[in-house]
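Given next are the chains, with one letter for each unit.
There are 2 protein chains.
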Amino acid sequence: MPTATRSDAPAPGQARALFRERVDVPTAGWCPGYTQVNLISVPADWAYDVLLFCQRNPKPCPVLDVTDRGAWTTPLAPGADLRTDVPRYRVWENGQLVDEPLDVMDHWRDDLVTFLIGCSFTFESALAEAGVPLRHVEQGRNVAMYRTNRPCRPAGELHGPMVVSMRQIPAGLVETATQVSSLMPAVHGGPVHVGDPAELGIDDLARPDFGDPVRARPGDVPVFWACGVTPQAAVMASKPPFALTHAPGYMLITDALDEHYRVA
Amino acid sequence: MPTATRSDAPAPGQARALFRERVDVPTAGWCPGYTQVNLISVPADWAYDVLLFCQRNPKPCPVLDVTDRGAWTTPLAPGADLRTDVPRYRVWENGQLVDEPLDVMDHWRDDLVTFLIGCSFTFESALAEAGVPLRHVEQGRNVAMYRTNRPCRPAGELHGPMVVSMRQIPAGLVETATQVSSLMPAVHGGPVHVGDPAELGIDDLARPDFGDPVRARPGDVPVFWACGVTPQAAVMASKPPFALTHAPGYMLITDALDEHYRVA
Chain A
1 MPTATRSDAP
11 APGQARALFR
21 ERVDVPTAGW
31 CPGYTQVNLI
41 SVPADWAYDV
51 LLFCQRNPKP
61 CPVLDVTDRG
71 AWTTPLAPGA
81 DLRTDVPRYR
91 VWENGQLVDE
101 PLDVMDHWRD
111 DLVTFLIGCS
121 FTFESALAEA
131 GVPLRHVEQG
141 RNVAMYRTNR
151 PCRPAGELHG
161 PMVVSMRQIP
171 AGLVETATQV
181 SSLMPAVHGG
191 PVHVGDPAEL
201 GIDDLARPDF
211 GDPVRARPGD
221 VPVFWACGVT
231 PQAAVMASKP
241 PFALTHAPGY
251 MLITDALDEH
261 YRVA
Chain B
265 MPTATRSDAP
275 APGQARALFR
285 ERVDVPTAGW
295 CPGYTQVNLI
305 SVPADWAYDV
315 LLFCQRNPKP
325 CPVLDVTDRG
335 AWTTPLAPGA
345 DLRTDVPRYR
355 VWENGQLVDE
365 PLDVMDHWRD
375 DLVTFLIGCS
385 FTFESALAEA
395 GVPLRHVEQG
405 RNVAMYRTNR
415 PCRPAGELHG
425 PMVVSMRQIP
435 AGLVETATQV
445 SSLMPAVHGG
455 PVHVGDPAEL
465 GIDDLARPDF
475 GDPVRARPGD
485 VPVFWACGVT
495 PQAAVMASKP
505 PFALTHAPGY
515 MLITDALDEH
525 YRVA
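Line order of the protein sequences matches chains A and B.
For the first sequence, the numbering used here assigns the number 1 to the initial residue and increments by one for each residue that follows.
For the second sequence, the numbering used here assigns the number 265 to the initial residue and increments by one for each residue that follows.
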């Protein structure tokens, strides 16, 4: 078991130091108020297609930073090492998951370009402040994520389905959740769907494609947001020769404030 | 004199047809409610730097669409030809303005990638609806635009200063204008500065770097928004071998609704 719990509320730099020391946990609920991000690193000759894919699919893939070739630092998290400071990574070869290490020092290449992409955890603080309960945090679980039947708009060699995160929300609070998240368009914005999962091609909420199943309470309605794991689904579908990503739900915690991504 | 005036309120496709037939006017106030965009085309080997420059400078350079290499169409304006449907273009070689034609058929190249970038005209309908007067439209002029002393974050070979558009706003309506535009982050969002032009390094409001001087009325305050002409300033500073752009204020009018870019 990890020694740090959410109630410790470490600063982002302290959390990253724990993860660098191999604490291996999903980051939902960690460092409330600080922006968590998805990570994907690809060889430089794939970088244009990834950046264009993100531009063409801004709801699932809002880009918050792009490194220069080979760099492992970001202004969003001064002092962070992108090769070690995520709790768990995934290594992809030709679209296949080949490793899930706690750092990527042995996999790093000088030609990698790294994309940091917004995460719906960013609006969770705002949801909580607005009185919207977060079932996955209550249940100590990773958020549930699903591949959908909605294709992203392709870009060059990159294509794949949109991935969504799902939150069970009391019916009377769906409108509040929609309003609060819509004001944060740089981190997925408002929901892409409310209600019947079948309309997104999701057969069984109890069997998410990524993350953990999360139990509904009576009166809850499933609400779906575009998810920054979408680039991983594109990697699986498009099979670039090599990619590194975070493991879903095991995010990079930055020093940026969630509040920074609220437009009003 | 052009045969069409603002009071005709042509549909976007009709306006584009007029411009294709060589009607040569700034587009401020044309087709209210429809999104106008900035255009820049660069050779494919410069496209990554342009896209990354835009990602790193989202206030002045919100990308609304990127074409595939060589394409002159966009889903934002079905039926439009990007080589003819802007009222006036600029042709750049090594950072120098070499021509300002009414179409670019003779300058087109198969290796061009075209970026369509949000324009502050998009929130002008919303400002007008909120009761904020638009002095440049009242005066039948192009909006005034200025180079600033604020450098953009560079990307690869591309660097340059932020350009801003300026609107004279009655002091009592500055807060309204800020709120209304902040809800449209995909088209520059809220102002970057209110008040003293010197803080942006602007010496004389009567001598804009692009567009026309616009007279203030008593009680007006100058309000500055990041401007989609910023990529042109980057072209001038960074000197790519070739680029095409619209002429400042002579925009592509799309079929997208301004409303689409409002987050709440």
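Hints listed in this document are in silico derivations from the structure and should not be mistaken for laboratory results.
Just so it is clear, CB atoms sit at the ideal spot from N, CA and C, and this is done for glycine as well.
Please note: incorrect hints may appear among the correct ones.
Between beta-carbon pairs, the in silico distance windows are [said to hold, decoys possible]:
| id | chain 1 | residue 1 | chain 2 | residue 2 | range |
| --- | --- | --- | --- | --- | --- |
| 1 | A | R22 | B | A501 | 44 to 50 angstroms |
| 2 | B | Q360 | A | P43 | 56 to 62 angstroms |
| 3 | A | R153 | B | A501 | 51 to 57 angstroms |
| 4 | B | G436 | A | L97 | 54 to 60 angstroms |
| 5 | A | P32 | B | M369 | 53 to 59 angstroms |
| 6 | B | G343 | A | T73 | 56 to 62 angstroms |
| 7 | B | A273 | A | L97 | 54 to 60 angstroms |
| 8 | B | W372 | A | R153 | 21 to 27 angstroms |
Quick rundown of the hints versus the structure:
no.: 1; hint: A/R22 x B/A501: 44 to 50 angstroms; in the structure: holds, 46 angstroms
no.: 2; hint: B/Q360 x A/P43: 56 to 62 angstroms; in the structure: violated, 35 angstroms
no.: 3; hint: A/R153 x B/A501: 51 to 57 angstroms; in the structure: violated, 32 angstroms
no.: 4; hint: B/G436 x A/L97: 54 to 60 angstroms; in the structure: holds, 59 angstroms
no.: 5; hint: A/P32 x B/M369: 53 to 59 angstroms; in the structure: holds, 56 angstroms
no.: 6; hint: B/G343 x A/T73: 56 to 62 angstroms; in the structure: violated, 46 angstroms
no.: 7; hint: B/A273 x A/L97: 54 to 60 angstroms; in the structure: holds, 55 angstroms
no.: 8; hint: B/W372 x A/R153: 21 to 27 angstroms; in the structure: holds, 25 angstroms
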